[in-house]
Every structure is written in structure tokens, then in C-alpha cells.
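There are 2 protein chains.
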Amino acid sequence: MTKKQIHLNGFAQHTVSPHAIGLWKHPDHQGSTHASTDYWVKLAQTLEKGKFDALFLADVTGVYDVYEGSNRAALEQAVQFPAHDPFLIISAMAHATERLGFALTGSATYIPPYKLARQYSTLDHLTNGRIGWNIVTSYLESEAINLGLDGMIPHDERYDRAEEYLDVVYKLWEKSWEEGALLNDPEANKYIDSTKVHPINHEGKYFKVPGVHLVEPSLQRTPVLFQAGASDRGTSFAAKHAEGIFTNTQNQKNATAELREFIRQLEPKLQKYGRTRQDVKIIPAVVTVVGGTEEEAQKKFQELRSYVDYDGAAALLSGHSGIDFSKFDPDSYVENIETNAIQSRLNNYTSTDPNHKWTIREAIQYHGFSLGSEVIVGTPEQIAARLEEISVEGDADGFNIRQTVNPSTLEDFVETVVPELQKRGIYRTDYEGETLREHYYGKGQQRLQNNHYGHSVQLEKEALV
Amino acid sequence: MTKKQIHLNGFAQHTVSPHAIGLWKHPDHQGSTHASTDYWVKLAQTLEKGKFDALFLADVTGVYDVYEGSNRAALEQAVQFPAHDPFLIISAMAHATERLGFALTGSATYIPPYKLARQYSTLDHLTNGRIGWNIVTSYLESEAINLGLDGMIPHDERYDRAEEYLDVVYKLWEKSWEEGALLNDPEANKYIDSTKVHPINHEGKYFKVPGVHLVEPSLQRTPVLFQAGASDRGTSFAAKHAEGIFTNTQNQKNATAELREFIRQLEPKLQKYGRTRQDVKIIPAVVTVVGGTEEEAQKKFQELRSYVDYDGAAALLSGHSGIDFSKFDPDSYVENIETNAIQSRLNNYTSTDPNHKWTIREAIQYHGFSLGSEVIVGTPEQIAARLEEISVEGDADGFNIRQTVNPSTLEDFVETVVPELQKRGIYRTDYEGETLREHYYGKGQQRLQNNHYGHSVQLEKEALV
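So the protein sequences, as listed, match chains A and B. Start counting the first sequence at 1; every next residue gets the next number (UniProt numbering). Start counting the second sequence at 1; every next residue gets the next number (UniProt numbering).
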């Protein structure tokens, strides 16, 4: 029997050192050159050499200013800041690669759907069908107010709005243009058969979009859809729309059980939308620290962690959680915190060593390195073995590989861990399909699967006259 | 004395055949491959070989549906449609070139200023200072309604709004980050000196943007600013903000007089903002048809024009003018039209041959080829001579070269006309500076000139505390 195969994404952001706070100070870290095309082209080529499914690009368009009610720590420690636009680096990488996909974060809260649909279609053409959309509804107050809203839209309303948003973009991507509408036929004197291009006439609670899609269908039409929401509402949204779910296994010592529980809760939701476990890929993030020997790897792990900055890590955690951690004494013990919600968040880290009495500082510093993802430290063989274990026992379909030192984390992974995964027969030795969706769902599956909700949207009848 | 130098931009759009309607049918036309990175990389390399200042990318995000109250003709003739997003092709071209600039159209009506500022700053970094912004306020009703507005904002209010918009982006680009704010200093444990990054605290009639700019200063800070508005309000806006003005010489036989008159009217407006004629480059568009002999060129001109499609050209002119030209009999004579505004628009073309009795069809077909720009037909020597004539007698600083057959119009120009311009000593043989602003204003001028309004915006005092 063929072994269960895993998928791999490189996890990045158009900033200095997004997922390892303080590591910008490491002498090998090249994140400060992220503003150049060279940086991204080289990274994409590394991932394609490693036969990765995709480069996953996260994004925020705000500043982490919950901690101390100030942006000081976020700026000093380059906490996902500066925040350059990730859409604009794709075409350079696409031109320099042939198969690597690009899972690009786009906000269903701050970009009009008509415009976002155009952007992803343009990119799906430029990449020959290698684009994915990581759907976010955005969580930073600073993002909302700078983009012209009075404040953040409440969490559940953001999702209501996102549901309608998805309807609009499905209509544009899947229904506005019939197959064969683009003729490019000089004899018939028609570039486009206008009878096969339909205005979508969408008029809902949040959006009014009457027009036709501005871009002809690309290879995938709808980009591969990813989602990362962990709330009940978020996972319902994912169960309906996502083809890939990005997760974080919060409990550092019990990742497989946590994943299985996540999937157990997801399955009835999938069922509700006529989908099964097989219709969605579950992709947790991991941090890998590889060494020639276990001892070497552990030494490297300690060395890397020594660069983590407490202030910066606290700014990130405060931004993500909405809790201002400057209000706690960093040298007090986690076990003495009286608020359960805060304690349980920090216990993700204390669980990595239950015999140690953890201070808040120590737990937050661990957060600054792992962001809640499991840290796998070891030889290439050990890392490959643990990834297989999470894949089989935790039922994960693949992994987002987080960087601590950019780009050497991913370079080391491609050079040393990928061959081990291939040796185990759990990872491709070459790409089979051409589009991103084919990487995930097999050669020939360029479009949304037949049972996906995106097919079911209908245009108003008047639109078809 | 050194001869007056000219500047050159290639004029394109992320669509099939934006400026020569019906020419998509020409056997040499490769516009149908515009959705690939190869197409753009090759075009950029051609322009850089020709030492062009920039590739100018126009954009619309709507459909030309005024003609017949329908999008039929626009779709059948690919009239600036499909309309892909031009922001997304820049990085591929930037990576494949070293000096060529990119003048990119962006709407001050439909993108929040906080987001647009981030996009241009990201691109100015990725291109090492080679980005320009062609500021538009957008004119298509279909654009407004699909992007969430109830209808188009009236012309003059669009400009009021654009004035405040520019204030916001100048604050972000020029004032939010002091020089030297980005330290990248491991010893001081500071990537950014947060005391040198200021929230702009903008609160005006149309926009409220409290935050700091998301991107550290790029080489140019503010992209090179272009504008093309021809109305009184439009040229006042240009006189205040633009470093380059794109014009169309409407009268095909009197371009130099028309340009001089345009400049005569512009000068007092420039003065009002403390600027002179030398502070702004005037860049009309031209169509060039080059042949080995004059006869060959004329033959080619007739051959190219034979591809122009009446319906498509009428759809474009109807969209630009807001007049539905389907209401006129195409075979009636222009001189018999009773509405002056319409007649004068068509007289741009009838003036090319006053001895001929023009029908509406003929005039509109000429429009579909030239879009109101002068068509220069001849040998490389003749074209170079005419460009020098327009530059000297019309006081133009350079030209946007329109394509009729993509990309051979620009390839022919670079191969044959550029050497003639260089022979005349009126065009560079190599780039001197590195940034786009230096191409226009000389080595060393990377930032907005000292007397430019953009320097004068001030942050609220509270922002500096």
C-alpha cells in the first residue's frame, strides 16, 4: 500500500522576521533584505527545489500596539513590521519557477470583492494556475481604522460579511464567464463571445456588485482556498469553503491528540456541506531545528532561543490575544495567574516542561520562538520521523514550515529533511500536476471539486437574459 | 550647447490591445499572451535596451458600456478588456531589468490612501526606486458601482477628494518616518527607532488615517508623480502635484501649437504653487508607424488601419466621452452634426485631411487607431525628425509611444528610431542615474524636488509627542 503522503509549504511574510521575534539579530538572518526581488526569487527557487506545494505568505496591514498601548516594542523588534504588500512579490517568483504554488493572504474585510477577484485571477494567469487564497477577516483594530472604518467589525459579523463576500467572488470566478467565452477568433471578428459573459447582479446585505468579472477564467478559476480560523465560527467557515486548513497545535506535547480532536470536531461541519475529511487538507505549522546530531540540534535550539526578545514576543502575543501583557510582572509564575484564559494560553508552553516552574517571561519567550507551533529539534531522520508521526497519528496532511533564521531554516530543511521524507516514501520526488490544486488533489484536479459550495452559487435570472 | 533631450515611455495596459482597437486581429499581434510573465519581461527588456525612462501602464477597472448601453462591442473587440491588475506584473519586470522605470496607474478614488501608499512603497523598494504613480480619479460609472459606491463621485468633488488623498499619502511617504529611523542595530537591540516613526493623525473631510506608514522610506519615498487630467481642474491638480504630465495633442495637424498653448495655460498655475516650467515634464502620446522607406511606412499605415473595428472604436470613444455614438448614423457626415461638442471631438481627425468629406465612421475609425494622438508615419529618420520638432517647437519633454501591434511597434521603435534619436544627440545612450526620478531630473535627484508641495504637509503636533 502506498504510504500517506505529506504536503509542505514554506511559511513567510513580506517583512523581516515574522515568526521568530528577535531573531533578526542572528548573524545569519537575511530578513532585512526582504524588500528586494532577489530575496524572494531565491526563496521560491529553494522551495521548488524541495518540491514544496507552496510558499504561504501571511499578511497584516496594521501594527501590534496592544502591548503597553504603544507600538514601541513592535517597532524596535520588527514584530511583523515593516509590513510590505505581499501581492506585489508574486510575479517575480512566478517567473523564476514553474511549479511552486503561492498561498497568498487576502482580507475579505478590507478589499472590495470585485477588486480581490480581479487580483487573484490576474495572479492565477501569471502563475499558470499556481495561486491560493488564504482567506482572513483580519483582527487588528489599527488595520480597520487606518483603512477608513470607525473600528473593527465584530468577530461574528466579520464572518457573516465574509460569507456574502465569498458568494460574490464565486459568482465572478465560477459563473460570470462560461467556458469558451474567450474566442480570439479573427475570422468571426470576435475576441470574446459577449453572450457568454454574464453580469453577476449581486445585491445582498453587505455588497452590491452588478458587473461582469474583469478577467477571463484562469486555469483554476477559483484559487485554492485556505483558512486558518480556530474559533467555532471560523471552523464552520472553513468546513464550507476551505480546501486547506492551516492550524496550530497549541499543546506542545500533545499535538497528535489535539489534531485528532480538531478533526473530530470538524467532520460533522464538513458533512453539513456535503464534504468529507478527504475534501480538505489539514496543515499544522511546525518549527524545525535541524542538526547533524541530536546534541548539535539541541545546542542550536538553545542558541536560537537566546535571540528571542521578551518585549517583542509580548507585543505579538498581546496583539494576537487582545490582552496587554505589560500589565503582568514577567517574573511572576504562570501557575499564579488568576485568569484562566490567560493561564491556558501560556500553558501551551509550560507543558513542554511540566517539571519546571515557569515564569511569564519564560512562557512568552517560548511563544516568541514557536508562536504556538510544535518545535521539532533533531537530526534530519528524527524530524522526518516526527513529521510522519504527526501525519499518521494526528491525521495531518502536511505542514507549514516556519522559519527562525531566514532563509537558512528552509534551506537546511530542503537540503537535509526533504531527502529523508522522500526516503520514507511519504513525500513526492517530483511534481505531478502543474497547478496548485493538482499538487494537493492530484493531476487533473485544476478546478474546485464537484461537491464544493463554490459551484452552487447562482446568478440572478435577469443576468442570463 | 547641448541639444534639448527627450524622454521616452512605452505605453501599455494589462490587456490585449488597449490603444488600437481591432488590431488584436493582426497576425503579428501578440497581445493575447499578455496574461503571462514572459510577455511583460520581454517588453521591459526591450524598453531597457532602448534606454526608455519607463513603461507607462494605464488601467481601468470597468467595462466600456456607454455605446448601445451594452458591453457587447467592448467585449467582442477586447476594448481595454479583459482588464487585469497592472500592479501585479511589476516585480517580474523589475527583477529582469536594472534601470527601466514603471509609471503605474493607481486610482485615488477607489483605493484607500493607507493601502495605496503601502503598495507604491513596496514597489519602490522592489524596483530600487524605479516607481512612478500615474494619479487618476477614474471616469467609468461601471467602476464605481462594482467597487461599492452608489455611483460616480462628481468630477470636481473627485478632485477635492483627491487633494486630501494626496495630503494623506505625502504625510505617510514624506513625514511618518524620519531619516535614519530604520537602524537594524543588533547591539542597540533595535531594528527601528520608534521615536522616529510618527503616526500621521490625519483627520479631514474625506479621510481619517491615524497610523504610521507601514513601510520604511524607499529610495524615492514618494513615487514620481504623473497626471493626465485635461480639464481646468485637472491641470490645476497637475500643476500642484505632477512631475510629469501626460497629454494628447488632439489636433492632428497642429500638435506643436496646441502643446505650446497647453503650456502657456499651465505656467501661471505652476507659478501659483511656486513651480516653473522646468519642474514638470510635458509628455504627449504619439503613434509611430515606421518603414524602411516613406512609401513602405505609408503602406504599413494603411494596412494597420484596415484592422480597426468601427464598433469597438465607437465603444471606446463613447466610454471616454459619455456620448453614446450608436445614436448617430455612421455614414452621415461629420460636418452635418449639430452638436458642437461632438463635432469638435471628431474634427480632431477630419483635420488630418481637410479636403476629404469625412463620415462619422471614418472619423471614429481614425480614433480607434490614434486615440487622439498624433500619428507619425515615415522612415526612422523622419520619425526622429518629427519628434525633435515637437520637442523643440512644441516644447514637449518627451513622448509616450503607443503600440498598434504589440510588441512589434515598440521593438521596431527601439531598433530603428532610437539610434536615429541618439545620432541627433537628443536622447541618452545610457542611463545616468538609478531611480526613475533621476531619469527625468538628473543624477542625484532621487527625492521630490525642494519646491514640491509634497514636502510642505505637516503632521499634527500631537503626533510628534
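Because the hints were derived from the structure by calculation, they are not lab data. Incorrect hints may have been included.
The list makes no distinction among identical chains, and a pair is therefore deemed to hold if it is satisfied within one copy or across any two copies.
Unchecked claim - No more than 25 Å apart at the CA atoms, straight line, and that leaves these computed lysine to aspartate or glutamate pairs for DMTMM-like:
hint, residue 1, residue 2
1, K423, E187
2, K25, E48
3, K42, D430
4, K357, E178
5, K205, D324
6, K115, E164
7, K42, E98
8, K25, D193
9, K240, D279
10, K51, E261
11, K115, E338
12, K175, D85
13, K49, D430
Hints, verified against the model:
no.: 1; hint: K423 - E187; result: neither (55 Å within a copy, 43 Å between copies)
no.: 2; hint: K25 - E48; result: neither (28 Å within a copy, 38 Å between copies)
no.: 3; hint: K42 - D430; result: within (19 Å within a copy, 29 Å between copies)
no.: 4; hint: K357 - E178; result: neither (63 Å within a copy, 44 Å between copies)
no.: 5; hint: K205 - D324; result: neither (35 Å within a copy, 33 Å between copies)
no.: 6; hint: K115 - E164; result: both (15 Å within a copy, 23 Å between copies)
no.: 7; hint: K42 - E98; result: both (14 Å within a copy, 17 Å between copies)
no.: 8; hint: K25 - D193; result: between (57 Å within a copy, 15 Å between copies)
no.: 9; hint: K240 - D279; result: within (10 Å within a copy, 56 Å between copies)
no.: 10; hint: K51 - E261; result: neither (30 Å within a copy, 61 Å between copies)
no.: 11; hint: K115 - E338; result: neither (46 Å within a copy, 41 Å between copies)
no.: 12; hint: K175 - D85; result: between (29 Å within a copy, 20 Å between copies)
no.: 13; hint: K49 - D430; result: within (9 Å within a copy, 37 Å between copies)
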